[in-house]
Amino acid sequence: QKEVEQNSGPLSVPEGAIASLNCTYSDRGSQSFFWYRQYSGKSPELIMSIYSNGDKEDGRFTAQLNKASQYVSLLIRDSQPSDSATYLCAVNKRDSSNTGKLIFGQGTTLQVKP
Amino acid sequence: GAGVSQSPRYKVAKRGRDVALRCDSISGHVTLYWYRQTLGQGSEVLTYSQSDAQRDKSGRPSGRFSAERPERSVSTLKIQRTEQGDSAVYLCASSLYPRGWQPQHFGDGTRLSIL
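So the protein sequences, as listed, match chains V and Z. The numbers in my numbering rise by one with no breaks, and the one at position 97 of the first sequence is 324. The numbers in my numbering rise by one with no breaks, and the one at position 88 of the second sequence is 91.
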């Protein structure tokens, strides 16, 4: 079992729709969760971070965290073609020195069609 | 610029050679991380260094990977005796503090091809 799992997709949604990206993780002690967006050939760009159960909203993006189910998701409302990218779920795995090393999922490719 | 920059953007090397990749982090950031990104394996952490530590704390069991920190905001990832499986994009990231809740900022990566 991978430590952080995502469906690689591609996930295809029409412009204006809600895109829902999902991620599960195996380390129950994980405390910090991040969503990065990565365009081809570019660096991962942080779009959301979440640390406690519930929802966190930032513009068109909503991150949802459920630690009991070890599940974190990202919702993108009013999807735009410019949202087409690979979305990486990253989890800070707890370790004794709390170094901040991130464990990434495989990434989900999102395609928003005009 | 104020972001993380990496050089070179592309590197081709023959199998068995040593390579060095450079990362210039955001000024003031304490912790530097190196990740490897491949289509098959996704992204995995290779090594990291905190503060002014010159040597890395490598997570790679093979020991061929190491990072040095000649300056506070500069890290060099060294790969010894490269293998074809080392072909990947190598990403550098930095964070302000070495704490798990701190977001990390990434460079555009170095694409390494081993022939």
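Be careful, since some hints might not be right.
Unchecked claim - Here are the simulated DSSO-like cross-link-like pairs (lysine-lysine), alpha carbons at most 27 Å apart as the crow flies:
no. : chain 1 : residue 1 : chain 2 : residue 2
1   : V       : K229      : V       : K340
2   : Z       : K81       : V       : K269
3   : Z       : K14       : V       : K269
4   : V       : K340      : Z       : K14
5   : Z       : K81       : Z       : K14
6   : V       : K229      : V       : K283
7   : V       : K294      : V       : K283
8   : V       : K283      : V       : K269
9   : V       : K294      : V       : K340
I should point out that these hints are in silico values taken from the structure, not numbers from a laboratory. These figures come from a predicted structure and were not determined experimentally.
Cross-check of the supplied hints:
no. : hint            : in the structure
1   : K229/V / K340/V : violated (30 Å)
2   : K81/Z / K269/V  : holds (22 Å)
3   : K14/Z / K269/V  : holds (16 Å)
4   : K340/V / K14/Z  : violated (35 Å)
5   : K81/Z / K14/Z   : holds (13 Å)
6   : K229/V / K283/V : holds (26 Å)
7   : K294/V / K283/V : holds (14 Å)
8   : K283/V / K269/V : holds (26 Å)
9   : K294/V / K340/V : violated (33 Å)
In the structure shown, a violation is registered for the earlier hints numbered 1, 4, 9, in ascending order.
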